[in-house]
Structure formats: structure tokens, C-alpha cells
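Enquirer: Given chain A, put chain B in place with the hints provided.
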Amino acid sequence: MAGVRIRNHIRALRFAAGEMTQQQLADAVGVTRQTINAIEGGKYSPTLEVAFQIAEALAVSLDRVFEYEPAAKRARKP
Amino acid sequence: MSKILDIDAVSIIFDIMSSKPVIADEPAAGLTFKEKSLWVTLVSTVVLYGYYFVRALQIGDGDPGAAGGLFLAVVIVFTAIHVVINAALAIHRRPERSDERDRAVARKAAAFGYYVMMTGLWGTLGVAVLRLGAFWFVHAGLFTIVTAEIVRCAAQLAYYRRGA
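Residue numbers (the working numbering), protein chains in the order written: chain A, 3 to 80; chain B, 2 to 165.
Excised from the complex, chain A in its bound form (with noise of 0.2 angstroms):
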């Protein structure tokens, strides 16, 4: 999706969480498993809050989870 700027890495963290699956992120944070596969696949960006809560129950902090891409960086890429 061209206008994602956020990148994350839910799936990476979930496996290193024990293999934790998107239902049982989704109870943690309070959300439905399809708000999370939407988050997970860039076609939603969650609020703070709930950005907050997800690097809460993935135990670290919420820059390890999500990245932000300036527009220069990603006009770069190939």
C-alpha cells in the first residue's frame, strides 16, 4: 500500500512472544483478531493507545514495534 508510512513488526514479535496468535494479542489489547490482522497487514493504523497496549503485550517497547518511513526514505526505494 503506497500510503503506509508505519511499518511494524506484530508477526516477528508475536513468534518471538511464544508463537502468540493474533486471537490472543487481540484479547490482550482488547480488540478484534481482525483489527489486529489489519494492523499486522498495514491496512490500518491503530491509535495510540491501542499501540501502546500491543508493545505492552508484546513485552518491549512501542519503537520496537512500529517504525516510521519518511516519504524520502520510501521514494528511494527501488
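Keep in mind the hints are simulated off the structure, nothing from the lab. Treat each hint with caution, since some may be false.
Lysine to aspartate or glutamate pairs mimicking EDC-like chemistry, simulated, CA-CA at most 16 angstroms apart [as the list claims (entries may be wrong)]:
{"#": "1", "chain 1": "B", "residue 1": "Lys-109", "chain 2": "B", "residue 2": "Glu-150"}
{"#": "2", "chain 1": "A", "residue 1": "Lys-45", "chain 2": "B", "residue 2": "Glu-101"}
{"#": "3", "chain 1": "B", "residue 1": "Lys-37", "chain 2": "B", "residue 2": "Glu-97"}
{"#": "4", "chain 1": "B", "residue 1": "Lys-35", "chain 2": "B", "residue 2": "Glu-97"}
{"#": "5", "chain 1": "A", "residue 1": "Lys-45", "chain 2": "B", "residue 2": "Asp-103"}
{"#": "6", "chain 1": "B", "residue 1": "Lys-35", "chain 2": "B", "residue 2": "Asp-103"}
From the derived model, a few chain B residues whose C-beta atoms are all more than 12 angstroms from chain A [unchecked claim]:
{"#": "7", "residue": "Thr-46"}
{"#": "8", "residue": "Gly-61"}
{"#": "9", "residue": "Ala-67"}
{"#": "10", "residue": "Gly-69"}
{"#": "11", "residue": "Gly-134"}
{"#": "12", "residue": "Ile-146"}
Just so you have them, the derived chain B footprint on chain A, three or more residues with Cβ under 8 angstroms [what the hints assert, rightly or not]:
{"#": "13", "stretch": "26 to 34"}
{"#": "14", "stretch": "39 to 45"}
Here the structure is a predicted model, which is why all the values come from computation and not from measurement. Using N, Cα and C, we set each Cβ at its ideal position, and we do this for glycine too.
Expert: Using the frame of chain A, we list chain B on its own:
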């Protein structure tokens, strides 16, 4: 050893097997209760109100009672379809709770419906100014409401699938 691996270590695993990720993607979620319910609303609105508008145009403004009776029948059938299908869907699978994404999708889709509603309202006012009669004024207003609802539902479904 900590249960949580370092993100760099995980990245290395991905880099080594870059063509084949270690973790398979979980399947994309199928249609949720909300999406199914939206499809029911969209299809039933298009079919039932589409039928109503075609029949109302055939009836014309000569027999307001016939158009009114038909409209009442359409509203009753529309409501019955909604109650029965939504109840069946809820029995088949418990509806998911709403979260912030649902609210964001609803908010963005409502904006689309609003633009259609405003455009239609101006058209309806135009019908009033042109003094085309109560039949055309009422149906222009009704057509505006129905079209706005169709656009809202379609936009909501698109946001659920393509991202909000």
C-alpha cells in the same frame, strides 16, 4: 533465558530465509458479522428500494395511495429481512464486539454518505423550486436518503476489505 527474543535476532532469521518467512501469515479474517450484516443491508436496499422506485415511477403521481401502500410494504419486508437474517447470523456465529477500527470505518464511510446526502438535498430543493409537485419532491428526498445509505454501506465494506 528471556522468553522475548531480540528484534534484531528475529530480523536475522527473516533475512536468512527472506524468500520464505519463518512464520506463516495467519489467514485473513473471513467476513465478520458486521460485514455480513452490511451486505444484507446493501443488497436488500438496492433490490427492495430499486423495485419500489421503478414501480413508483410506473404508478406516477396519479395514485398517491398506491405508491404509499407499496412503500409501506417495502419498509415492512426490508425490516423483516433484517431481523430474520441478522438473528440467523448471530445464532450461527456470535457477533464480534466493536472496537476502534469499526468506529473509524463507520466514521469514514459516513462522510461519503454525507456528501451524497447533501448533493441530493440540493437536488430535492431544486425539485421544490421547480414546483414539480409533492410526488416528485417526496421521491427525490427518498431517493437521496436511499442512495446515501447505499454509498455509506458500500464505502464501509470497501474500508473493511481495503483498509481504513
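Enquirer: All the hints need checking, so say for each whether the structure fits it.
Expert: Checked hints:
1. Of the supplied pair hints, the one linking B/Lys-109 and B/Glu-150 holds, its CA atoms being roughly 13 angstroms apart against a limit of 16 angstroms.
2. Between A/Lys-45 and B/Glu-101 the CA atoms are separated by roughly 14 angstroms; this keeps the pair inside 16 angstroms, and the hint holds.
3. Between B/Lys-37 and B/Glu-97, the direct Cα distance comes to roughly 12 angstroms. Compliance with the 16 angstroms bound is thereby established for this hinted pair.
4. Among the hinted pairs, B/Lys-35 with B/Glu-97 is consistent with the structure: their alpha-carbon atoms are about 8 angstroms apart, no more than 16 angstroms.
5. The hinted pair formed by A/Lys-45 and B/Asp-103 meets the criterion: a straight-line CA distance of about 13 angstroms does not exceed 16 angstroms.
6. Note on B/Lys-35 and B/Asp-103: the hinted pairing holds, with a Cα-Cα distance of about 9 angstroms set against a maximum of 16 angstroms.
7. At the 12 angstroms boundary, the C-beta of B/Thr-46 stays outside the reach of chain A, the nearest C-beta of that chain being 24 angstroms off.
8. For B/Gly-61, the requirement that its beta carbon stay farther than 12 angstroms from each beta carbon of chain A is met, with the minimum near 47 angstroms.
9. No beta-carbon of chain A comes within 12 angstroms of the beta-carbon of B/Ala-67; the shortest separation is about 45 angstroms.
10. Once the 12 angstroms rule is applied to beta carbons, B/Gly-69 is consistent with being away from chain A; the minimum gap is 42 angstroms.
11. With a least beta-carbon separation of about 47 angstroms from chain A, B/Gly-134 lies farther than 12 angstroms from that chain, consistent with its non-interface assignment.
12. With a closest Cβ-Cβ approach of about 30 angstroms to chain A, B/Ile-146 is found to remain outside the 12 angstroms limit, as its non-interface label requires.
13. Here the stretch 26 to 34 of chain A counts 3 residues with a CB under 8 angstroms from a CB of chain B, which clears the bar of 3, and the coverage holds.
14. Coverage of the stretch 39 to 45 of chain A by chain B holds in this model, with 5 residues showing a Cβ closer than 8 angstroms to a Cβ of that chain against a need of three.
No hint from the list above goes unmet by this structure.
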